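Can you make the complete structure from the sequences, with help from the hints?
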Amino acid sequence: MIGEAAEQKLRFKSEVVADYWDYASEAGRIYDSRSGFGVFYRYHPRNVKDLMGRGVTPLVDASVITRIAKGSDDYAPISLPEEFDVLTPLGFKVPFTDLIGGRPVPTAAGVVDKLELPEDRKRDLATMNTKFGQALGAFKPQSAEGRTERFQLTKDTVWWRRGLYYVMLSIAVLFAAFPLLAGYVTLGATGQLEQAANGLAGPVIGLISGFLPGLAAPWVDAVTTHSGLAAILVVALGFFLWINGVLRTRIDDRARLAWNVDRGQGVRVPPSDRNDAHRRSALIGAVVLGFCALAAGRPWEHSFILEWKSIAETAWIAWAGLFLAVASLGCLATYLFLSARGPRAASTPVSLVIARAIRNNHGAQRLYKLLREYLLPAAFLALSAYLVVCAVNKTIFEVADSMGTYCAEPVLANSTGVERLSATSAGFKTNAMCSDTGNWLQEGVRYEVIVTIDPKDPWIDGEKDPDPIRDRGCADTMGVAEGSLVHYLASLLKRWWAEPYFKPIARIGRFGNDEYALDPVGPTTLGKCLNMRLTAEIKPKNSGELYFYVNDAVIALPGVSNFFYRHNNLGSAEVSVKRVNVFP
1 MIGEAAEQKL
11 RFKSEVVADY
21 WDYASEAGRI
31 YDSRSGFGVF
41 YRYHPRNVKD
51 LMGRGVTPLV
61 DASVITRIAK
71 GSDDYAPISL
81 PEEFDVLTPL
91 GFKVPFTDLI
101 GGRPVPTAAG
111 VVDKLELPED
121 RKRDLATMNT
131 KFGQALGAFK
141 PQSAEGRTER
151 FQLTKDTVWW
161 RRGLYYVMLS
171 IAVLFAAFPL
181 LAGYVTLGAT
191 GQLEQAANGL
201 AGPVIGLISG
211 FLPGLAAPWV
221 DAVTTHSGLA
231 AILVVALGFF
241 LWINGVLRTR
251 IDDRARLAWN
261 VDRGQGVRVP
271 PSDRNDAHRR
281 SALIGAVVLG
291 FCALAAGRPW
301 EHSFILEWKS
311 IAETAWIAWA
321 GLFLAVASLG
331 CLATYLFLSA
341 RGPRAASTPV
351 SLVIARAIRN
361 NHGAQRLYKL
371 LREYLLPAAF
381 LALSAYLVVC
391 AVNKTIFEVA
401 DSMGTYCAEP
411 VLANSTGVER
421 LSATSAGFKT
431 NAMCSDTGNW
441 LQEGVRYEVI
451 VTIDPKDPWI
461 DGEKDPDPIR
471 DRGCADTMGV
481 AEGSLVHYLA
491 SLLKRWWAEP
501 YFKPIARIGR
511 FGNDEYALDP
521 VGPTTLGKCL
531 NMRLTAEIKP
541 KNSGELYFYV
551 NDAVIALPGV
561 SNFFYRHNNL
571 GSAEVSVKRV
581 NVFP
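Quick note: the sequence shown, position 233, residue 233 per my numbering, numbers continuous.
There may be inaccurate statements among the hints.
Unchecked claim - No farther apart than 30 Å at their CA atoms in a straight line, the calculated lysine-lysine pairs in the DSS-like style are these: (1) Lys-578 to Lys-541; (2) Lys-131 to Lys-49; (3) Lys-114 to Lys-70.
Unchecked claim - Here are the in silico distance ranges between beta carbons for each label pair: (4) Asp-519 to Phe-337: 25 to 35 Å; (5) Lys-93 to Phe-211: 31 to 41 Å; (6) Ser-33 to His-278: 26 to 36 Å; (7) Tyr-41 to Leu-329: 12 to 22 Å; (8) Tyr-41 to Arg-579: 51 to 61 Å; (9) Asp-98 to Ile-208: 54 to 64 Å; (10) Ile-284 to Leu-237: 11 to 21 Å; (11) Gly-210 to Leu-51: 40 to 50 Å; (12) Ala-385 to Tyr-166: 16 to 26 Å.
The hints are simulated quantities; they were obtained by calculation from the structure and are not laboratory data. None of these values were measured; they are calculated from a predicted model. All residues carry an ideal CB built from backbone N, CA and C; glycine is no exception.
Rendered as structure tokens:
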């Protein structure tokens, strides 16, 4: 580039240019933009020719070809088209296909170096040109059809890695939203699995959390509470990261074969070894997927296959178990087939055949273009707008709430600020945004709060379905039993983002934000909507009246702030408070 600029009469300091040339090397460091967290950056290798206008042929420097020929770092670019020109050290532009087809590298005497270098540091262009010609000898002759097919196989592998990128991105999004979504998935079907996993993961997470910033608290709490689902996501992400690494290696290997460099690279694997490797992979897949199917599906607990109930009536984890069982049988069938067939010459893998068919399908190409250029950008903009609206809604509501907008003045005045505990339980409705319990709590004192749901007026979020299997609206002191699509979409409208709907919340004082999500201090009952009584402990940071409400979505606009409370919430409960006797 300095030489091109010098031709346009831009003057450089010759000593500085010479220093840069001394540092220059075709074997410089290769920077992997997809390493580390970069793996979540969009993976979409593009053909250089697609970025240029019609009739424009890409031009690369001879150092690129020299680096490919040396092969010390397996350098093999996949973005170059099959036809491009090479700029030789003497400044000639020659088609690459001609150079590897036997055409000698052009030479000429008296070529003037474009770089303005000191006399004692001039480049020997003739020697550089000779070495370039020698490097071309590393490229083995091959037919145009063979080279095209090898490049197509490389692009097929790239297609799979590109699809895998979207899978890993989806898992990353689930991790980001884990504090919001985990509770809805794990309240029912995986409760026992979570209890077993919590005993193992709890101490480890507790140790790690000491080194994490306070900003990570919602994720730490969610992972601690729902460690079973978190473990599934971690294992899935680790597995796909491993597959991503395998595909990256395959892409590099197939790209080297496409360039057809004779440096001992790309030696064919004996058919027997390849067949044995495939058999082992199929057997391992059958065993692993089989155990996962047994753990997830629990067929001894579900008879939905014989009775053929609807998906709505069957736990999602049972269907996941069925899917894993089918996949396990498929791997087992593959193992038996490969064992019976024996070694044979390697053919194009089925996965690459599928990728080729999809890549060359015009309908699939139009769909991908529609998704990439219109639908996905529109979805991203809509999601961004939704997040901004939810953040503004949360901020405005918190400010108004801390100013006492939604909590009324205490019914019983307490001018002296002395502790006052009611001898009788205080009732409250779930459709109230802030209910006064008539209790006045003291700062720094531990209190036991008991919430008892009225069995004649159970908690319901929405309309109750007479069929208990399909009833997703029932709730107890642990929150709503099962989340619907509406619950997921409105998660960021909740007063407490990381807590489930209908989670009991205690508030101290009309003003401020001294609030506590009530978690049970004793054992809970597994099952849907069975925890009708909650015993929790709180230690107020401030003295004040005890208010009570259940977590739900709110709108920070006058007149409609309690819309979801008034239209969806049914049920009532009683709240009683007493001091915790520290010294019995």
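Next item on the list: Go through the numbered hints given earlier and state which of them the structure violates, listing their numbers in rising order.
Entry: Structure breaks hints 4, 5 and 7.
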